[in-house]
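Chemist: Could you put together the complete structure from these sequences and hints?
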Amino acid sequence: MSMIEVKELELGYENRTILKNLSFSVNEGEYLCIVGENGSGKSTLMKTLLGLQKPVGGEIILGDGLRKNEIGYLPQQTIVQKDFPASVREIVLSGCQARCGLRPFYNREEKQLAEKNMERMGITKYAKRCYRDLSGGQQQRVLLARALCATRKILLLDEPVSGLDPVVTAEMYELIESLNKEGITIIMISHDISAAVCYASHILHIGKKIFFGTREEYMRSDTGKLFITREESAEDV
Amino acid sequence: MFDKLWEYLQFPFVRYALIVGILIALCSSLLGVTLVLKRFSFIGDGLSHVAFGAMAIASVANLTNQMIIVMPITVISAVLLLRTGQNSRIKGDAAIAMISVGALAFGYLLMNIFSTSSNLSGDVCSTLFGSTSMLTLRLSDVIVCAVISFIVIGVFLFFYNKIFAVTFDESFASAVGTRTKSYNLLLAIIIAVVIVTAMKLVGSLMISALIIFPALSAMRLFRSFKAVTVFSVILSVVCAVVGMVISILAGTPVGSTIVAVDVAAFLLCTVSGAVVSAVK
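Taken in order, these protein sequences are the chains called A and B. Counting from 1, one number per residue, gives the positions in the first sequence under this note's numbering. Counting from 1001, one number per residue, gives the positions in the second sequence under this note's numbering.
Take the hints with a grain of salt, since some may be wrong.
Simulated crosslink set (DSSO-like; lysine-lysine; CA at most 30 Å straight-line) [unchecked claim]:
id: 1; chain 1: A; residue 1: Lys111; chain 2: B; residue 2: Lys1226
id: 2; chain 1: B; residue 1: Lys1280; chain 2: A; residue 2: Lys125
id: 3; chain 1: A; residue 1: Lys68; chain 2: A; residue 2: Lys153
id: 4; chain 1: A; residue 1: Lys128; chain 2: B; residue 2: Lys1226
id: 5; chain 1: B; residue 1: Lys1181; chain 2: A; residue 2: Lys68
id: 6; chain 1: A; residue 1: Lys111; chain 2: B; residue 2: Lys1181
id: 7; chain 1: A; residue 1: Lys82; chain 2: B; residue 2: Lys1280
id: 8; chain 1: A; residue 1: Lys116; chain 2: B; residue 2: Lys1226
id: 9; chain 1: B; residue 1: Lys1038; chain 2: A; residue 2: Lys111
id: 10; chain 1: A; residue 1: Lys225; chain 2: A; residue 2: Lys209
id: 11; chain 1: B; residue 1: Lys1181; chain 2: A; residue 2: Lys82
id: 12; chain 1: B; residue 1: Lys1004; chain 2: B; residue 2: Lys1038
id: 13; chain 1: A; residue 1: Lys128; chain 2: B; residue 2: Lys1038
id: 14; chain 1: A; residue 1: Lys54; chain 2: B; residue 2: Lys1038
id: 15; chain 1: A; residue 1: Lys82; chain 2: A; residue 2: Lys128
id: 16; chain 1: A; residue 1: Lys125; chain 2: B; residue 2: Lys1038
id: 17; chain 1: A; residue 1: Lys153; chain 2: A; residue 2: Lys54
id: 18; chain 1: A; residue 1: Lys128; chain 2: B; residue 2: Lys1280
id: 19; chain 1: A; residue 1: Lys20; chain 2: B; residue 2: Lys1181
id: 20; chain 1: B; residue 1: Lys1181; chain 2: A; residue 2: Lys54
id: 21; chain 1: A; residue 1: Lys153; chain 2: A; residue 2: Lys125
id: 22; chain 1: A; residue 1: Lys125; chain 2: B; residue 2: Lys1226
id: 23; chain 1: A; residue 1: Lys208; chain 2: A; residue 2: Lys54
id: 24; chain 1: B; residue 1: Lys1038; chain 2: B; residue 2: Lys1226
id: 25; chain 1: B; residue 1: Lys1181; chain 2: A; residue 2: Lys7
id: 26; chain 1: A; residue 1: Lys153; chain 2: A; residue 2: Lys82
id: 27; chain 1: B; residue 1: Lys1038; chain 2: A; residue 2: Lys68
Just so you know, the hints here were simulated from the structure itself, not pulled from any lab data.
Modeler: Given below as structure tokens:
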């Protein structure tokens, strides 16, 4: 059974439908990249997968013993966070909140988990530093470490490289790939189609035409060819 | 000077005022950090005006215990205001402006039409600026204030980590299963309760100062959520005590003296924050 199965999903706000007849599934260990133009509903899809928003129609089935609060999420940064006085450790630890339930404080196991994930992301040396003093790439690592505290199985990433410079972007992609190789399922929204076809195992293209399949299938498909060549010609200019 | 202070401290109402002042300063600063960071600084202002309107209704209705009306109205407004914050046709700040000015006007109108008091402008002035009410506190007021304060502090400590999570990143928090709506509701209720309690000290126009100044001052100097929270509480209590002592000795109005001390502390923190980062 797949980890997440989406059947005939219909997305939208209030009464306006953005996207219809969306079906796809994600199995354990896969790396799915969601691409599409601005306004095609990528972020809405992710919010719906996370349960932050109700689908207009259709259903999302979680399998493989995946529970709703076991999905790690890397949201786009908000304005509030830009001048937030919080230390890196405090933020990473807040990834454990779902494990606490009503218990008011974090226990030793959760603190160790936070330390381990800071180590994994190479940010242990910043543990006491203030989040707002870090660079964009370091901040993303902090948020990724937090997301890893919330999950062992699956990560949903919303444009993880937006606003990062090329070197840091490449590092970020490698970091995500290494997590995927450790067995964590990845679902990522991306603008960056060239990275998507480079790293992902599956591609979901949403827009007027919906495509879902493996990376190889996508590169052979009409939607994919069109999108990739358009991207390349845009880069040439 | 100390003799004079000692002499004043012999009066029970001065001691009551000090106790209530410290408790209120403590509670209001606890939530300041969250409110400032969530961009809700003005909610304190809006709610205090609502509380003023409610107070007007209560005094027109000649109730002996005004809290019965003031507390529920303020709590309901807080819940409504925080709810409009997310996505609605009237944006958060506009909703606050609307409600606060409306309540202020309505309250004054009511007091003006129906008031039986001979000193109307005095009544209005003391509700707005909290001028003399601090010195008319009875023991029962002190006990009520203490109970409310302990509840607020207890709730804050118990939910500290959740409040942090919800303040820092609401969408992540709800994605991993934290019930952000309930916590926002809880925050709204606590804010309203604190404001109604704090009205006694500084009057309804200046409550925002008690809530936001300590938080803003602490944010100039400290870089972790815990340090900011702890420091803003300490600063708030110190400013309240200093302000009250000055007002007792110099005969100035309590509320505005405390706020003036808070402003001075903010300037001091801003300067020292700038110096520290320049040295680094």
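Chemist: Where does the structure disagree with the numbered hints, that is, which hint numbers, in rising order?
Modeler: 12
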